[in-house]
Each structure stands twice: as structure tokens, then as C-alpha cells.
Amino acid sequence: MIAPPLPSNEEDRLAALRELLILNTPPEERFDRIVAFAAQEFDMPLSAISLVDTDRNWYKAIVGIDIREGTRRDSFCGHAILVDEPTVVPDTLADQRFFDNPNVAQAPHLRFYAGAPLKLPGGQNVGTLCVYDFRPREMDEIGLAILSALRDLAVEELLRKGDHP
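The sequence shown runs 4 to 168 under our numbering.
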């Protein structure tokens, strides 16, 4: 496993994430609807809006598994925030970054990942909208466009100030 390196703008990225005042807030229907739609649209068992904090990957919304956070070191999303375009891993067992990742080698045995970075207007990628499967898959250009559009919707919701509890 290759742990995700820190982005060059890590301090600025973390400051922008904290300014959202969203970490550790309760689930919200507006985010839950986005991940539920993503899971259904792509016929994926898991989907999440993931925020990459200092040492953890925290899920603002997640369907298909009952967790609220994981370690950043083991996260797929920690890799996905390093680039501005969606990251697609068709088969985690064939990718040096993930083949022996605990989430691949052990339960839940993830085999596919696609994550679109949640890029704020200041240029900071604070997390991802992502989908996972237990089997290898591909994602075509139409799928990438849909994932990106849903990501844009998630970013709009993140930026709505004063609307979360």
C-alpha cells in the first residue's frame, strides 16, 4: 500500500475545510440524497461524500456501509484530492497504491473506486464524491461526466452557509 502524500497546499486546504464548519456535523438529507443518487445511478453498493481531514477521512454522507470515518492513511480519497480530475481505479488489486490496503485485503474487500475531488472556489480539494464496488469495473466518459456533475452539486451544498445544523 502506498499512503497518500500530502498536497502541496495542505495548510491552506485544511483551513478551507475548517472554514466550511461541516466536520463532525450530523447527517443531512441534502447530502444523503446526492450519495443515494450516485449509488443508484452507477449501480454501486457504496457511495460517499468524504472530507479529508488531518489524519482521517470523514464521511458527511455515506450509503452502503455503516461507518462515519476511516484513517486518511488507508483512504482512496486521500489520493483523489491530489488531482483536479476524477480518479478511477478499475481494479484495486492491480493498483500499487491499493492492492494491500486494509479496505481491499480485508472487509469490505473494495475492488473498484471512482472519486471526483470536491474543489472549492479557492482551488482547495477538501474531499471527494466517490463510489465503490466489490468487483472490478470501468467508468466511461458519460459516467465521469455524471460523477463530476454530482460532485459539483455536492460542492454547491458545502458552500451554502448557515444551512446546516
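Everything labelled a hint here was simulated from the structure, so no lab data went into it. Hints may contain errors.
[Unchecked claim] Restraint ranges, calculated between C-beta atoms of paired labels, are given here:
hint, residue 1, residue 2, range
1, 14, 94, 29 to 37 Å
2, 68, 44, 15 to 23 Å
3, 126, 69, 16 to 24 Å
Virtual Cβ for every residue (Gly too), placed ideally from N, Cα, C.
**Prompt:** Are there hints from earlier that the structure breaks, and if so, what are their numbers?
**Reply:** 3
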